[in-house]
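Asker: Be aware that the sequence shown starts at 1, since it is given in the working numbering, and climbs by one per residue.
A few of these clues could be false.
Mimicking PhoX-like on lysine-lysine, the simulated pairs with C-alpha atoms at most 25 angstroms apart in a straight line are [what the hints assert, rightly or not]: (1) LYS83 with LYS97; (2) LYS97 with LYS112; (3) LYS68 with LYS57; (4) LYS101 with LYS122.
Hints are computed from structural coordinates only; laboratory data are not their basis.
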Amino acid sequence: MKDNASLDKKMKDMTETKNQLQQALIHEQKRSDNYCKLYEESKTEVSTLVNETNILKKDLESANRVQKQSATNHNSVEIRLNKAMEIIEKNKALMEKMEQKNREMALKEQKKMEEVVVDNKKLLKQKNDLLTGFKKQMMLIDVLKRQKIHLEAANVLQFTEDEFLKLLNWKSDQN
């Protein structure tokens with residue numbers, strides 16, 4: 001009986017251990033199933049992530065190509081911009097030179113105009129002086145003509161007076 005009781009106790013212990021082990025096995029089986037599910041989910045997730053990574057790699061390559069193309073375009077645009085800026089600077093310098101020349105020419109033209117005005121005034125003064133001199137000469141000529149006429153008249157008168165005196169002398173001599 002002691003043997004039986006000890007065997008019963010062992011059996012109970014074993015049954016309990018068996019139940020505990022079965023419980024642990026069920027628990028571990030559930031954990032294993034959970035891990036399998038997690039593994040499958042992770043596998044699916046990894047596959048999805050791999051696909052997304054591949055898509056992102058392609059997008060990155062495409063973006064890199066676009067960036068390189070954009071950089072190339074940017075460089076060519078920058079080169080054209082620099083050339084355009086150089087041309088603009090040259091044209092600005094040329095325009096400034098032309099404006100300076102125009103200013104200088106305008107000053108020269110203004111000086112020439114002033115000289116022409118001064119010369120014109122001188123010529124007008126000379127013309128007026130000549131006209132005044134001409135009028136004076138005409139008056140002098142007129143005076144000289146009158147004097148000549150008076151002298152001729154005086155000569156004629158003298159001549160007539162001499163003839164009258166001769167005539168008087170002749171008549172007195174005849175008498």
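Asker: For every hint, state whether the structure bears it out.
Answerer: Cross-check of the supplied hints:
1. LYS83 with LYS97: holds (21 angstroms)
2. LYS97 with LYS112: Holds, at roughly 22 angstroms.
3. LYS68 with LYS57: Judged against 25 angstroms, a Cα distance of about 16 angstroms means the pair holds.
4. LYS101 with LYS122: Violated - the C-alpha atoms of LYS122 and LYS101 are around 31 angstroms apart, more than 25 angstroms.
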